[in-house]
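Chemist: Given chain A's structure and the hints, the job is docking chain B onto it.
These protein sequence lines are chains A and B, in that order. So that you can map any letter, position 6 of the first sequence is -4 in this note's numbering, and since no number is skipped, the others follow by simple counting. So that you can map any letter, position 143 of the second sequence is 133 in this note's numbering, and since no number is skipped, the others follow by simple counting.
Be a bit skeptical, because a hint or two may be false.
Note: identical chains are not told apart, hence a pair may lie in one copy or across any two.
Listed below are the simulated DSS-like cross-link pairs for lysine-lysine, each with C-alpha atoms no more than 25 Å apart in a straight line [stated by the list, open to error]:
1) LYS(-5) x LYS84
2) LYS84 x LYS94
3) LYS0 x LYS40
4) LYS(-5) x LYS175
5) LYS175 x LYS40
FYI, nobody ran anything at the bench for these hints, they're computed from the structure.
Number of protein chains: 2
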Amino acid sequence: MQKLKDKILKEGTLRENNILKVDSFLNHQIDIAFMNEIGVEFKNRFSNVKVDKIVTIEASGIAIASIVSQHFGNVPVVFAKKTESKNLDNEVYKSKVYSYTKGKEYDIMIAKKYISENENILILDDFLANGAAALGLIDLLRQAKANIVGVGIVIEKSFQVGAERIISEGLRLESLAKIKSLDGKIEFK
Amino acid sequence: MQKLKDKILKEGTLRENNILKVDSFLNHQIDIAFMNEIGVEFKNRFSNVKVDKIVTIEASGIAIASIVSQHFGNVPVVFAKKTESKNLDNEVYKSKVYSYTKGKEYDIMIAKKYISENENILILDDFLANGAAALGLIDLLRQAKANIVGVGIVIEKSFQVGAERIISEGLRLESLAKIKSLDGKIEFK
Chain A
-9 MQKLKDKILK EGTLRENNIL KVDSFLNHQI DIAFMNEIGV EFKNRFSNVK VDKIVTIEAS
51 GIAIASIVSQ HFGNVPVVFA KKTESKNLDN EVYKSKVYSY TKGKEYDIMI AKKYISENEN
111 ILILDDFLAN GAAALGLIDL LRQAKANIVG VGIVIEKSFQ VGAERIISEG LRLESLAKIK
171 SLDGKIEFK
Chain B
-9 MQKLKDKILK EGTLRENNIL KVDSFLNHQI DIAFMNEIGV EFKNRFSNVK VDKIVTIEAS
51 GIAIASIVSQ HFGNVPVVFA KKTESKNLDN EVYKSKVYSY TKGKEYDIMI AKKYISENEN
111 ILILDDFLAN GAAALGLIDL LRQAKANIVG VGIVIEKSFQ VGAERIISEG LRLESLAKIK
171 SLDGKIEFK
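Looking at chain A on its own, in the form it has when it is part of the complex (with noise of 0.2 Å):
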């Protein structure tokens, strides 16, 4: 998608790790007009697929799914949670997951009468790196026996190893923006 390209250039700054922050739009800052055009952008790419929800992880997946869903005929989204709370029902699928950026595990969890049985599901994120939250959230979607239709991410960093583990798991996997390297620059695959 060149115009997120063009926006990743424009915007994105570097930080040590390989990490790139795109606060200026979508981790922190949210443009909802353009969050529309990505909406847009999946649709295209998902458009032989049915899609009965969308399903993310808190919190920067949120704002996507969101507006993303609108493209998909308002279907519901359900975002993973990071973080027991006491307001959390008790019937939940759980599973693990490390994360490099905040250097600790954490657990997510999805409660169960949200997800049924062969429900197709499409899971989107705004990073894919390391994959440790898409994997997390496909560990959970299986429990629940759904259908994963497909992974839409906005920013695959493709000199990690997410999205290899994601296609390894026999799943779709389409992503707007592609990095081949951080290495002092932006450069896209």
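Modeler: Same frame as chain A, but now just chain B:
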């Protein structure tokens, strides 16, 4: 907002400690079409107000703010972050918030570059109970010398002190559903 009240009565469940769960459409699964109806309602209520930006707090506030923004001309959304992660900008406004739900205090922060002096800010959030999160956001925005044009809340627990605290800050508060009591059953004000 009658339809919201109906939905709370139909889908909401009560837990101990005055916790109302509306995970089926607001806090875990998100009903996107209904979020757009909430957007129409907020726009009606704040129709005479100039809004340059919507500010909320992760995680549940993000879906609401993102969809509602579309009814305010796609103004940018900024969500305050709850924990210090490695890829958040160092140049941040910070405030402390005590979460009664999670039973702990945490920092919230917004990167300074995403809030400008005199910018007209609408604060949005899902719940207002003790007002801890909203007051934290107000504190951040006042550090930035922004102009807070109003606070929009989906569900206000009117039997707790949050509404009073916001109003006593001299701010306009619009809550779409006001709950008088959760003592055994849900009663609206």
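Chemist: Run through the hints listed earlier and report the numbers of any the structure violates, in increasing order.
Modeler: 1, 3 and 5
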